[in-house]
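A.B. asks: The residues making up each chain are set out below.
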Amino acid sequence: MRLKDAVSFSALALLLAAGFLPWRPGLAACAAAAGMAGALRPRSLRAGSPRFWTFPALFFLALPFLSPAPDSYFLGAPYSAARLRDGLALLAHAYAFTVLTIFVSLSYSVEEITAFAARLGFRNTGLKIALAMIVLRSLKAMLSETWYYYSLDRPGRRARLAGLPVLFFAAMRNAAAAAEDLSVLFYLRGVRI
Amino acid sequence: MNDQASRIRFAVYTTVFGVLWGLAEMFLGTWLKALNMPLKGAVMAAIGAVLLSAGRVYVPRRWSTLSTGLVAAALKMVSFSAFKLGPVSGIMIEALVMEAVFSVFGNGSAAVFWATLLACFEGVPHFFVSNWLIYGGGIFGAYIDAAARIQKMLGFSGDMWLKVVAVWAGAHLLIGALAGAGAAAVAGRIRREA
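So the protein sequences, as listed, match chains A and B.
Counted the way my numbering counts, the first sequence spans residues 1 to 193.
Counted the way my numbering counts, the second sequence spans residues 1001 to 1194.
The shape of chain B in the complex, shown without the other chains (with noise of 0.2 Å):
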């Protein structure tokens, strides 16, 4: 394949595979929303992380990963739920964390895998720096009060929130688990049928 081909197919696939991305958040993250799904985020980033891994395959040249990102977020940008700064930096991170991963350790089932998980687990250190970022410093302090005083109206001892907190990043890993098992075998098909 010459240069210019080659070009072609890295603007046209990382094209298609964001819009792809973008039309899943535009639609399934707003019915997701619509539903209060917990760990929406969660599942939203295992289908772009899965779209992103596949994407790669097809297009195994370093900044595709990212690019595709650009573009889901871009769409998201514009999608009817309104302008939503959160979703949009989420995407837009996800394709970072996984592009720096397939540029460091390639793109075979391993590194699928690992920068599947990363990505999906994203949500975690993201909802800290955005909540920081929205209401400022003491917002942490507020959430500690409020959950230490519910907790002592249900009666229950010690630092629930601790155990809570430690759940949901649990359960953002398990998410995380089994989407890179489903993006290692879906690039493996590819691979396969290429």
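Isolated chain A, as found in the complex (with noise of 0.2 Å):
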């Protein structure tokens, strides 16, 4: 087993025992799979913008404050330590989960993860993915000239709400007929699948 997926298996065991582990070697779980991460790739550390991460912080850090049963003083105001405690813990599992994740998609390339999809039976993802880019500009382009002759027949916003399930039946059609005609094109051509 290679260095990285031996990390990302035990790293996500990790996180997912300190979900029923109490606080402290809750905390201890995270703090190791985090670091797992880190210690490979340094740059899965850096999870999430301060923006980010700005709103659970106070919202973990209220909430010892808010707790109906405080047992403990900060400047005179009343706040529950294990709340706080808890708070701590549900913040530290946040961070290391969106470490793990950022590891993950930093360390596994589109190539492995075709491969790894091929040995778990699904032996056309190469060639889907393939398809996939070719389709996407296509259908773009199919969606935008949808809409354009939609809201060239339908000015305001009430009418072009009120079409809506036309303008999502012609969308299905189009697309329906894009595949179509690929399909045929595939075949003509003796693709094999």
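A couple of the hints might just be wrong.
Said to hold, decoys possible - Cβ pair distances, simulated, as ranges:
no.	chain 1	residue 1	chain 2	residue 2	range
1	B	P1038	A	S10	34 to 42 Å
2	B	F1128	A	D5	24 to 32 Å
3	A	A28	B	G1106	48 to 56 Å
4	B	R1149	A	A31	47 to 55 Å
5	A	P42	B	L1178	45 to 53 Å
6	B	R1149	A	S151	31 to 39 Å
7	B	V1164	A	R192	15 to 23 Å
8	A	A130	B	R1192	32 to 40 Å
9	B	L1178	A	E145	25 to 33 Å
10	A	F52	B	R1189	39 to 47 Å
11	B	R1189	A	A28	56 to 64 Å
Honestly, the hints are just simulated from the structure, not real lab data.
Just so it is clear, the structure is predicted and the values come from calculations on it, not from any experiment.
For each residue, glycine too, the CB sits at the ideal point set by N, CA and C.
Hints in hand, dock the two standalone chains.
C.D. replies: What follows is the structure, encoded as structure tokens:
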């Protein structure tokens, strides 16, 4: 097993275990998971922007002061030390989870995912990725053209909103027509799947 | 249709419908998120479920729905709103749920309706499971504490948070039922036109 695979599986196991453990060993498991990922890919430790963490941090730091059972005081304000401890453990879990997600996305290429999918029995994954890239451009063009004629026919927000099912069905039928054309082309060209 | 033509049709249709859903997720999903629209997950699930149902009618073969979902999830993974594990896993679970319903009950109107409804309702258990995975087991105690405190501050009595959860779950069911009726109508129209 390669080192990055071993780190991915061990960190994931630690993170899942942390969900069941009391706060102190749970915190240690989260730190170990993030530490392992960070040791191999230091960039993964820069998980999320400060803006991303502002709301969860404020929420978990404010929560002890809202607790119905305060047991300590901070600058004269009653708060629950137990709830603060829990909140820090939850934040640590969220941080370790984000680090692990970034670690995985930094560590595995599209080719490796394709090979892994093939080992699982999804043999046409590579072909589908290539096909998706081709189809993406033509579907984008088709959708913008459908939208152009649809909005030309229905001036005003209300009329456009009322006709949404028609737009939806038209987009779907055009996509199906594109799929049929591609299928025929692949068949005539003798593409083996 | 021979076996090779059928395999080509399977690969191409599932990719095209997956890309269509992926595009909807990339653009509409990102736009709804920017608007902070409530129940955006259920709305996006409804759109995806209608597309999956239509795809299943065009390619009525086992695994075609799951295959379509995998393409959409792969596209969402590389979308410009950065890597989002929640929506990606949501897409895959939704495809898996619909695949299971279609595989067991076929792709008639009733199966299309129930598969779509279930796919839209998936957001409710998904919220609990994903919160547990991200924050750990203590998160629900923290939520209930915060809700109880806010409820007390606003002067509401009883378990107000339970009512909020019930309304939220009910809204998912309503969106699912409306989308289910729409998906059944679309599937019926495709069958008639074929």
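A.B. asks: With reference to the structure, classify each hint as holding or not holding.
C.D. replies: Now for the hints, and whether the structure bears them out:
{"no.": "1", "hint": "B:P1038 x A:S10: 34 to 42 Å", "in the structure": "holds (39 Å)"}
{"no.": "2", "hint": "B:F1128 x A:D5: 24 to 32 Å", "in the structure": "holds (30 Å)"}
{"no.": "3", "hint": "A:A28 x B:G1106: 48 to 56 Å", "in the structure": "holds (51 Å)"}
{"no.": "4", "hint": "B:R1149 x A:A31: 47 to 55 Å", "in the structure": "violated (30 Å)"}
{"no.": "5", "hint": "A:P42 x B:L1178: 45 to 53 Å", "in the structure": "holds (48 Å)"}
{"no.": "6", "hint": "B:R1149 x A:S151: 31 to 39 Å", "in the structure": "violated (48 Å)"}
{"no.": "7", "hint": "B:V1164 x A:R192: 15 to 23 Å", "in the structure": "violated (55 Å)"}
{"no.": "8", "hint": "A:A130 x B:R1192: 32 to 40 Å", "in the structure": "holds (34 Å)"}
{"no.": "9", "hint": "B:L1178 x A:E145: 25 to 33 Å", "in the structure": "holds (28 Å)"}
{"no.": "10", "hint": "A:F52 x B:R1189: 39 to 47 Å", "in the structure": "holds (43 Å)"}
{"no.": "11", "hint": "B:R1189 x A:A28: 56 to 64 Å", "in the structure": "holds (58 Å)"}
This entry does not satisfy hints 4, 6 and 7, going by the numbered hints stated previously.
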